[in-house]
Amino acid sequence: MIEGIGVNDFLVVSTIMFFVGVYGFVVRKNLITMLMSVELILNAANINFVVFNKYLFPDMMQGYMFSLFVIGIAAAEAAVAIAIILNVYRNLKNINVEHLDTMKH
Amino acid sequence: MTTDLFQYTVWIPILVFLSFLIVGLSGDKLSNKLAGSISTATISIGMILSYYTAYEYFLVHGNINGVYETLLPFNMEWLSFSDTLSINMGIYLDPISVMMLVVVTTISTMVHIYSFGYMEGEEGFNRFYSFLSLFSFSMLGLVVATNIFQMYVFWELVGVSSFLLIGYYYYKDSAVSASKKAFIVTRFADFFFLVGILILGYYTGTFDFIELTDSAGSAIGSFAGVSFLGIGALTWALTLIFIGGAGKSAMFPLHIWLPDAMEGPTPVSALIHAATMVVAGVYLVARLFVMFVLGSPEALEVVMWVGALSALFAALIAITQTDIKRVLAFSTMSQIGYMMLALGVSGYGGEDGLGYTASMFHLFTHAMFKALLFLGAGSIIHAVHSNEMGDMGNLRKHLPITHATFLIAALAISGIPVFSGFFSKDEILAAAYASNKIVFFIGWAVAGLTAFYMFRLYYSIFWNGEKAYEHTPHEAGPSMTFPLMFLAFMAAVAGFIPFSEFVSPDGLPYHAHFHWNIAIPSVLIAVAGIWVATMMYKNPSSKPDGVMAKIPLFYKWSHRKFYMDEVWVFFVHKIIFKLVAWPIAWFDKKVVDGSFDGMAWVTNKVSDKIKGFQSGQLQQYAVTMVMGLLGFALTLLYWMSK
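Here the protein sequences come in this chain order: A and B.
Number 53 in the working numbering belongs to position 52 of the first sequence; there are no gaps in the numbering.
Number 214 in the working numbering belongs to position 211 of the second sequence; there are no gaps in the numbering.
It is worth saying that the hints were derived from the structure and are not from the lab.
Treat the numbers as computed from the prediction; the structure is a model and nothing was measured.
Errors might be hidden in some of the hints.
Partial list, derived from the structure: chain B residues whose beta carbon lies under 8 angstroms from chain A [what the hints assert, rightly or not]:
| id | residue |
| --- | --- |
| 1 | Q617 |
| 2 | S618 |
| 3 | G619 |
| 4 | Q620 |
| 5 | L621 |
| 6 | Q622 |
| 7 | V626 |
| 8 | V629 |
Calculated cross-link-like contacts (lysine-lysine; reagent style PhoX-like; alpha-carbon spacing at most 25 angstroms) [unchecked claim]:
| id | chain 1 | residue 1 | chain 2 | residue 2 |
| --- | --- | --- | --- | --- |
| 9 | B | K592 | B | K581 |
| 10 | B | K400 | B | K541 |
| 11 | A | K105 | B | K612 |
| 12 | B | K577 | B | K593 |
| 13 | B | K559 | B | K546 |
| 14 | B | K608 | B | K592 |
| 15 | A | K105 | B | K614 |
| 16 | A | K105 | B | K608 |
| 17 | B | K470 | B | K400 |
| 18 | B | K581 | B | K593 |
| 19 | B | K608 | B | K593 |
| 20 | A | K30 | B | K614 |
For glycine and all other residues, C-beta sits at the position ideal for the given N, C-alpha and C.
Next comes chain A alone, as it looks inside the complex (with noise of 0.2 angstroms):
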């Protein structure tokens, strides 16, 4: 529990970071970027987590461990998204990912 500040604040907060890394991955065209914006996502949902576990069961350890797995599993991801790009800019000589559509119809 901290003083003075209350769950719906850590929420705003949150929701506001979810959002911002939706825009992001929706309208960033360089890869790396919308890697980044990915990464807004999962930590706006670790906050939630952590969040929701100090203040509503303070003596339960879910909620932390969840977001220590997400912490690493999106390590994980990065170390892999960003092969994957280095590998498409090998082929392609590009990251823009409007021109990445060679598996369309």
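Place chain B on chain A using the hints.
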């Protein structure tokens, strides 16, 4: 145990099957000589084993307390459907199956040897031998079948090998259509056979011959009181099974495939379409004879009339045919008619079973002399390069061995005393005389016709003036003349085997005596037939034309085989195709295919319209997903708040 002594018999079919696998799978990698030798060696071993089996069975071990017992030296479960229904494969030894083993392996070995000369230099020599082995294996499996299902399986296998061998010259249109015709007609008949088997199995609960043909058993009784359309179920079952047998044995009106089957190489005609496969129908009726005679005399009467009619019908056609192999084909049909007739007039037990004995006896002697006739015809065709009687004449000077052996066979089939056909035909006519006078007279008349058309054939080939040959015909090598001489020996002496001591419906040997009152008229009519043929065909003359001119209508009908082919074409095209096949084809094309085509069409159109969604733009997908998720979440919220 006696049964254990015969366990080696399982190797007779297996060896032949191995030869089929080796020769068939190695293709042209084996030299012709080696492939032919493998096939011939295995079937020869089979022949030796069969002779040994016959000796052991008939003379040493088979006769237990005066009865020829049925032995099952080998029997294993092959398909198991349920606790009560399973199908076995095995070896079934009783007098007729042992006799058939001897017949099949003897004729097959002779044909294998003969083909060395006849098929020399032909393309596909190895293929020919592998098919011969396949056929021999199937036929051996058929004769030793322990149950009716095993018989059915091998029944179809002989059909397939017959198909393959008739169509051996697959680049000839006529051979291809002949093989198709043979296969379709016999398959059509086999459909009835299968229905018959199922009826039999349904009521008796067993497929095993040993239970079905137990005269004291319950199999026949299990049909009591069951009838359909006023005819007993057993009669239905046996008649349907007989239709299958009639198809294979070329009985009227399912005989139309046999003359065309002569498109195959001549050794094949000798083996399959004269001596072994075509008598499978007779063998089938004989195998179920106890059921026929004790359970359903009506079905046996059908057998009798079909046999008598076929014998007469085929003999009438044979007298006007000019292709020597076709004459022999119709002669085969006529003689098989005799065998069926003999089964049809037979009774059960003691001397009443003479017809059954005579039928098997005639099967045995006929196999020898008819195979000989065909092999002789093959030797003639080999020398003259033609099937037409008109191209032959005076060949006795050029082909002395063929001439002598052919003459022996012709005398045997005509029923001239001391040759084998005389004895078996005499027993058939005696049995017919004791049972049904009309059938006897048909058989007697056919004996005269047989003598006439055989000697018409004989004189046209071997006498009747010299023809201009492209090159002088000469006798073939020993591989072709040895089988002729061997079979001629058999055809001459096989009649002295006391068949009734070995083969009878109930397994009890009896002594068949000679029937002077039958033998004299039947020899007289045979001699009369030969005499007429001598008058007409020994020397070139206008007499045949004169006779032809007197009976033009009969000549034309007989020459055109009484228009049976046309009748079938009419039946198939106008009735089956128009009334059955056409509506079914329409339904299949329009309704079945139409509904599936419609579904495919709809799928195709829809995918055409919506494939633009698959744009490849990652962010478009993301927006769609987020929007969808939002929409879903809002709907959920709205729905929950209500």
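- [ ] Of all the hints given earlier, name the ones this structure violates by number, lowest first.
- [x] none
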